[in-house]
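Protein chains in written order, with the numbering used here: chain P, 2 to 458; chain D, 32 to 577.
Bear in mind the hints are in silico, worked out from the structure with no lab data behind them. Treat each hint with caution, since some may be false.
Computed spacing ranges between beta-carbons, pair by pair [claimed, not checked]:
| no. | chain 1 | residue 1 | chain 2 | residue 2 | range |
| --- | --- | --- | --- | --- | --- |
| 1 | P | Gly76 | D | Lys481 | 37 to 47 Å |
| 2 | D | Ala370 | P | Ser305 | 55 to 65 Å |
| 3 | P | Lys134 | D | Ile193 | 31 to 41 Å |
Quick reminder that beta carbons are idealized off the backbone N, C-alpha and C, glycines included.
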Amino acid sequence: MLLRHTPKEISERSALTINPAKTCQPIGAMYAALGIHGCLPHSHGSQGCCAYHRSTLTRHYKEPISAATSSFTEGASVFGGQANMMQAISNIFAVYEPEIIAVHTTCLSETIGEDLKQIRKKAITEGKFPKGKYMISASTPSYVGSHVTGFANMVTAMTELAESTGKKNGKVNIIPGWVEPADMEEIKRLAALVGVKSILFPDTSGVLNGPLSGEYKMFPDGGTTIAELKATGDAVGTLALGEWCSADAARELDKKHKVPCKVLDMPFGLKATDRFIDALRTVAGVTVPDEIGLERGQLVDLISDMHQYLYHKKVALVGDPDQLISMTEFLVSMDMYPVHIVTGTPGKKFERRIKELTAGLPYQVNVKAKGDMFMLHQWIKNEPVDLLIGNTYCKYIARDEDIPFVRWGFPILDRQGHQYFPTVGYKGALRLLEKILTVLLDRKDRDSPEQTFELVL
Amino acid sequence: MATTTKKKLVQWDPTDVKAELLKKYPPKVARKRAKQIMINEALENETPEIMANVRTIPGIITMRGCTYAGCKGVIMGPTRDIVNITHGPIGCGFYSWLTRRNQTDAGPDGENYMTYCFSTDMQDQDIIFGGEKKLRKAVREAYDLFHPKSIAIFATCPVGLIGDDIHAVAAQMKEEFGDCNVYAFSCEGYKGVSQSAGHHIANNQVFRHLVGLNDEEKPGKFKINLLGEYNIGGDGFEIDRILKKCGITNISTFSGNSTYDQFCSAHTADLNCVMCHRSINYVADMMEEKFGIPWIKVNFIGAEATAKSLRKIAEYFGDKKLIDTVEKVIAEEMPAVAAVAEDVKSRTAGKTAMLFVGGSRAHHYQELFTEMGMKTISAGYEFAHRDDYEGRQVIPSLVLDADSRNIEELEVEADPTRFKPRKSAKDLEKLEKAGFQFKHYDGLNPDMDKGTLIIDDLNQYEAEKLVELMQPDIFCAGIKEKFSIQKLGVPMKQLHSYDSGGPYAGFKGAINFYQEIDRLVGSKVWSYMKAPWQENPQLSGTYVWE
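Kindly generate the complete structure, drawing on both the sequences and the hints.
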């Protein structure tokens, strides 16, 4: 047993987090920043934060993750890190030549009260900030929120670049939230298919799923360009996917540039994708093409074909709020029973939303925001499940409790595919469903006695 | 094909390479880096000075991590029966959760917390009002849940800034529990200039709070400690296998798959064998002063190095039977190693490597490459000090700067009851006369050829340039460097956590490493960089079947 010390009996814990279901804000800010073309993320704090975030993102994507740090020493922590940041600005633009740097704070720089906007201003006034280059900044103390809020804060910071010329450009901003590069690509494909001209930001496709060709590009071809970010202020509207990840940025564009917005769930599964496509159609005033109808129909077809293996199967889920909301809805829509749902990200409205989605089911769902995986494991010990969905850390629970396991979320450190194959949209839902069915049917094959072991399932 | 043949044509001069690496830097950066990039002159008994263990330059993408990573991640991470609680916001605990490939085995007592991550997950109110209350509660909750022998507390950046007294909390909880040793590490990430400071902070506390607590005599005739071996990919397990076969008892490993009791009993060993000089040489010094245990530098990376280290240990104990057993073990293990070396050499001989890791590995792993007929053309450490490059003789002349001054040096004196010289002065003299070297390490420089480049704290930009200019057949560093190097079409092997596989220590490890490097440098994948239409872009206007 790998988690041999986890007892079945649940005791009250108010101070100790065990096996977290979240990590800290800065890594989200770094991931978001990688979705801007020509951008070097910069971590304003001690160098370990940056090293940890780069390592984790590298292990998840198996791609180079470039990001710089202010490398605070003890002196900087006492006297302030402004000198470090000024030095970093000059070194970064001289050596790496990015178009833009996206700076986020850490618990260290926040605790001593660093002001990034003021440092930027000073750099510009003193002529140390190269002309034609950009810097955006986000406040991401690690002791508030989670990696999800850090992502949202950096996406919101991107709206600093938005400009309104007074003339609408006919485009729709789509804020995809923390999804994989392949998902971002798929969202663009769907929008184009419906006939919507879109600006997607951030966009890590073409950045974190790059080719191997003998050439290293520190700034790969992908990513939302600065020109596109500027143009978000002239868009006809914004679709924000995910309340946690994307809503703030959309509201900011509405507030500053009067770009109306609609906040939707992330398009995972049938119903959330239906709403996304419907919103695209409405905003652009177009008819949904048959190709999309076909993709939807294929998903419904597979659900109906394999419904017997899904029906009333109990599922435990752990991950991030926006993803879990859509996934819960997807599972419920296929007559599955999500019974235990945990996110480490705070937010009571998450628990409310999950309760609403599972209201019609004949049991009381266990749901917790600001929870941890130790708690989830204990819930599973008390009420076993047929399927576990979550990030790689779940494999320890899956092995100890012998539960079929689908890797989905962040980070995935031991399997590949998430950067290449989407799980959003109808095609993405087909892939999710295939993954779920594969582990459930592998288990059935493994456990069936010889008499009932069947060729055709 | 084109990529591999092209490499052999590349000519480079180290002076040009150095100039090229510095060319793009702003003058201040170039001046500093120039002192950390050294063209090795391999002079006898003397090598030029290299600047090391100095601050990373803000904005320059470094390979380094922080003090917390060195303390909690590297040193205390692979302890299995200590509950390691990170006091801070969630990130630090999360990132150091199972991400180093320290192997572990719960053993007969069944205690193993290495798969767990414990954190106080500090929130803004804890930062404002102080986190001691929450920490105390968290330690209590851990104790109530698991009743471990020991609980360790690790500080993250904000903890030091807001002034939480983690040592007072630890002392209080230890007192309260009675049967659980609680202690804390002030390993805030901003301290020092790299992970190295964290190693020091961790080892100081282990020495202060654990070593010497258990005087119980452990069975075994030839008792050693293995210092600075972290059981990445099972290295420690392979070394233990060999030691056991030789009849040598390993009392404690600092700190691969270690236990609380092993640390507490370390002072009962009769010899300290130092693997990673950087992370732990000072512990060996302190154990000698306090308990009278002599220390030697060993290296179990490389089959020849392993044999040499075993012979050295046997020579120290000077027991005929042990010496014979060691020779027998080497004779038994070597043929399999030699056979694989012979096989891979036909493909690897003459190839070139670059190594930029750690405080010892960039040196140790050159042994394995040499055994495969490969040449190390450039190497350097991520977080080492000058003595790891130039040898221990420079230690007295090292200047304490503002950053190292903040890292505590323990004052150690002989333990009134436990100090026991392991050898008489006469015996020691005899050994030394015969060429046996205690407390000796020559560093990396003398082992590298003239004209090779030795670079301290190599960064992302220099790594890319170096590969582009010198075109090595393999590059070794860490996970952050891996994929930017591989994008250039050059295989990259992680030598911090090994990507996958291992062990690479000892005899079986050598075989694994030869095979792994053979696989990497010989992989067909490196020949697929260009599509056929990119190789021959001209259109000839004929049908393909003509």
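### Task
Note whether the CB distance of Ala370/D and Ser305/P lies within 55 to 65 Å or breaks it.
holds, 60 Å
### Message
Holds or violated: the 31 to 41 Å window for the beta-carbon distance between Lys134/P and Ile193/D?
### Response
At 36 Å between Cβs, range holds.
### Query
If you check the beta carbons of Gly76/P and Lys481/D, does the distance land in 37 to 47 Å?
holds, 39 Å
The earlier numbered hints are all upheld by this structure, with none contradicted.
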